[in-house]
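Q: Below are the chains, spelled out letter by letter.
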Amino acid sequence: MDPSRSTCWTMIRSASDGAAADRDEFARRYAPLIRAYLANRWKNSSLSAEVEDALQEVFVECFRNQGALEGVAPSASHSFRSYLYGVVRNVARRAEQRAAKQRERTGSGSTTPHLDALPADEETLSREFDRNWAQSVLREASELMRRHAEQNGTETSRRWDLLRLRFQNGMPIREIAKQWEEDPAKLHHDYARARQEFKDALLEVLAFYHPGAPAAAKREAEELISLL
Amino acid sequence: MTEDRNLPQDDWEPTGFDDALRAAFADPRAATPPDPSRNERDRYQIGEELGRGGVGVVRQGEDLTLERTVAVKTLHRLHARNPAMVQRFLREARIGGRLQHPGIVPIYDMGFEDGGEPFFTMRLLEGQSLAEHLKGRRDPEHDLSRFLKIFEQVCQAIAYAHSRQVLHRDLKPENVMLGQFGEVQVVDWGFAKILTEGSEAPGAEGLPEVPEDASGAVSQPGSVMGTPAYMSPEQAQGKLDEVDLRADVFALGSMLCEILTGSPVYRGDSRSTLIAATNARLEDAWERLEHCAADAALVSLAQRCLAKDPEERPADASRVAAEVEQYLTSMAERTHQAELSAAEARGKASEEVRRRRVTFWLAACIVLITAVAGTWWMRNQRQRDERLADARTRFELRYQLTTERLSAAEELPPNNREALELSWNEVESRLEHTAEVLTAHPELDTLESRLAELRTRMTNAKSESLEGNRLYTQLEELPALWVILPMEEVAEKFRETFLSAGLDFDTMSEQALIERMVNSRLRMVFADAMFAYARTEVETMRHPNGLPEEERTRYQKWLRILASVDPDPVRVRIRAATMKNGSRQALLEIAQGPGIDEFEFRNILYLGFILADFGELEESVHLFRSQYHRFSDQVECSFQLGEWLTRTSPPQWEEAARYYTAAVSANPQDPAGWCGLSRCLRESGEWLGAMNAATKARELAPELWKSRLENARCLDRLGDLADAEKLYQSLEGDTPFPWEVTAEWADLQGRLGDVVSAKEGLKEALPRFRDVTPVARILEELRQYGPPEEAEAICERVATQWKQPAELRIPWARTLLDQGRYEEALRMFRRAPDHPPSVEWALHCRNLLLAESHLTKFRESGELPTRLEEQTLLAQLLEYENDWQSALQVWDRCTRSPMALRAARREGALLDAARTALRFAQAGDRSAAEKWLPRARQWVQWEVDHLAELNTLQASALVRGLLRDPTFRATRSGGLLANGEWEDLWERVLKFTPSREN
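Chains as they are written, first to last, in the numbering used here: chain A, 1 to 228; chain B, 1 to 998.
Next up, chain A with everything else stripped away, as it sits in the complex (with noise of 0.2 Å):
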């Protein structure tokens, strides 16, 4: 993460005025994220070829001038996911009622209906959305843990692939200390150290989404992983 870069709302500010490095990060954040709610809302539809271009289009429907992010408020208390959610579905709504458009004007007379005629379920989607996110939060809280691990020696390294091993492969300390001929005691000490680092990671990736207070961050940590 950026650390001249404070908040999430700055970055796609910048995004929108036109910085390419913004752009870039904002698209490598948060496609895999859009295009796997739309794949899922258009699954089975002939609507699943448009992802690419909806996605394009959620994208220029948050950089445009007077665009989406017009609309909301920087701040603490709104949830830049909620503002995401809201551009992509209604970005997803206009290309369903696009088509829909298409299809009554081309008629073509078949009577076999088109299964993109039934509606979307907003609810599911939102959960599966919802779910989503919280995964990419909690990778990138990973990753970021894993970067400060990199600067900060082999030790933090080391705890940081104790907790891979941990929750990655399932193994117990004991076999991992085994495993690396380590005294188990030592390892549990090194293992309640690498969740906080990994709290520490998160709580910083939080507070990119939400400025504010650390209570904050916290509240939004505990939603997060609820949404899981």
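Check the hints yourself; a few may be wrong.
[To be verified] Now the in silico label distances, taken between C-beta atoms and shown as ranges: (1) 136/A to 625/B: 46 to 54 Å; (2) 32/A to 51/B: 28 to 36 Å; (3) 32/A to 179/B: 53 to 61 Å; (4) 86/A to 45/B: 45 to 53 Å; (5) 426/B to 98/A: 47 to 55 Å.
If you are wondering where the hints come from, they were derived from the structure by calculation, not from laboratory data.
C-beta: ideal position from N, C-alpha, C; glycine also.
Model the placement of chain B on the given structure of chain A, informed by the hints.
A: Quick look at chain B alone, frame taken from chain A:
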């Protein structure tokens, strides 16, 4: 985060933190396709594209190793990073790879492209789909045996898949390919599912299971996949946990139905097919099957496959295959037997000829004739019995269907005339259809009496139902007249309508009235209408704080009757509240009371209407908003909330549009919903959207007054004045116009040049109104049409009748202003100090008085005041005095430099200048028109060019001002002022849509 941090900083740890860690450290590669470990892709040389779907692309390919042509299906690049899609794609390949059957397209190989996109290769099929072959038939009887053989092969292939616990879930003729050499293969297993262990279809062999995606993306509960025209009810309803082998059996039934009748089980446009599939509307298919020329055995098989209840269908495709096979075999045997019989008969005849023994000839003949006659008689008798049994079965089936439809029609609510007529026509047609059986078989005369009974029942029920609709329509519309007609007239109309239903409230006893209503199908319609009638009679709405004693006794009688007709305790309580002292407060207490969340929807609606009648519209809106989460699936809840939001002060157009949208989404056949939506969009400045909604309403109900009115309004707004005029004309005479429609129509007539009709219409409408606001609006319209002296006289007369309320002094004072009588106008304005427009106009009037000094100087020396504001006032003053030429000279000088133009635009003076120029041009001076028309356009153009600089509210106000101003609208209607450049300008104005984000 530093190395020297020794211990955890604080104890805070969110709940589920371990889950968070698991998600954070999940292996990202698990969600993406594996990297290609071997170079499978190089084995194939890719050729032309053969087809493309939502998931993948099929191309022709050359297998360089085995030197054969294959079809290569690749996942779309855009899905390659979507684990769910990748899983599904791989699943299709794996399922296909494991099903080895001549009727299932074989999968040869699978792998990954260089970019990571998965692909698989399969046998290249050259031929057409079954769907294309079916389309090519002359009629369903054409080549039936060939299609039955194909169908049998499809059944065999699916039976094999079922034996491996694999469900196809998207069976349809498009997914059956017929090769050039007669091979039949089922393709597209993208939606296929492997049943888990322990489910039905015993005897499944060990097909290695493809694991379900943990996210549920492969087979998500609640999602619908497949093609509705072939979809089983459980599949269409999204109950995927209930979908089993019998869903494929249903699809096979639909295919058989298409082979036998020409159409699958559900037909129609996409929406109706989907609805039919979801609701399992099978009657149409059964009827078609019953009338098709196919043998009864096939019809019976198709009907069993298409049973709504899966339990009644054949257990799996093998049973269907066995029956089709048996049918085809028996058909072949029958043909073979017939040929054998014919050959045998020929042989016997030859023998007989050879014998030619005269002594036995006669005896042989007699024996033969007797035998033949006996056989013929017995065969004939048996056939007759079979025919009669068959006819009786057909009669019973048709009789049952007719009775079902009749019962359904009897239960239909009386509110939808079109639905009622359709239902009764259908019942009649079915009845005739049933009667045909008896006509063709007079032997079944014992059934005649049952048919006659059914006919009598239908005739009575139909007549009562349509009469109910007539009464319903009349009674429903009457409360709407409260705002148009005097209460006495509305009450009289209620009385007449009730009389026509045999209910005389003046002469009949309470008991007789109750019995008549309670025993009628229209009981609840009567109850609601009677309550409206009661309130009309005693005008409860005029006594919101309680009824006077003499009215109270009358009203109590009505409520007693109502308590018997509609004894629901909540409604009894609501009705009782309307009689109490402080009835408005009593109603509010019910609406805000703790039990409101227990009210059923009908009672919420009831209370909402009564609150609205008692002037508590905001409370009705609040009530519906607070209950919307409970009743959002009720179309009427969305519709009514939309309706009320358009009547609040100020109207909530955008929110109302949302509720109307919900209403028309749930019931797209309701023209009233489309009308409401059109109105909201029109008021929000979305003209084209409004026109689309109005057109939809008119398509659904061409004669509906509201839909015609909405179309007229939209056409007017879009500049199609001639068509708008025709529609307004068609509306006249149907029902008294509400005041706003009267004003609109007169306005349009005025713009079309028919000022006389416009004024007449407005004058005629004036005395009809009971509210001062529309009267003020009409006086203002009349003032604009002039002459000012006549307008002044009308204003004076009407204002005196209304005891000179402040609102009516405004148009009156303006008529004085129009005549240059500024001081009198100012006095008139000052007599209405509490009314906001009077202050505004009084200031304006005072400024004009001040500007008079500048006027003298200007006339003497041509000198202009220095400030733009004063220049503007001077120009307006000159205009009031009809000195157009001078006014325009001032405007011209005011706007000569770019800086002055900008200042004038800020002051909103440019449109005033343009208006003056247009009026001058309209006054009939040709040279003035030539000179000032382009200038006026330039001024308007300047405003429109800078719309983007304004905020949304300012821009919307400017556009609305332009569209509503009669002077500007004249430039849209052609004639003397026609100019191509104006059209471009109007096009830009009409295209302007305020940005919602702002």
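Q: Each hint: holds or not?
A: Right, here's what the structure says about each hint:
no. : hint                       : verdict
1   : 136/A to 625/B: 46 to 54 Å : 35 Å, violated
2   : 32/A to 51/B: 28 to 36 Å   : 29 Å, holds
3   : 32/A to 179/B: 53 to 61 Å  : 42 Å, violated
4   : 86/A to 45/B: 45 to 53 Å   : 48 Å, holds
5   : 426/B to 98/A: 47 to 55 Å  : 37 Å, violated
The structure fails to meet hints 1, 3, 5 from the earlier list, while all remaining hints are met.
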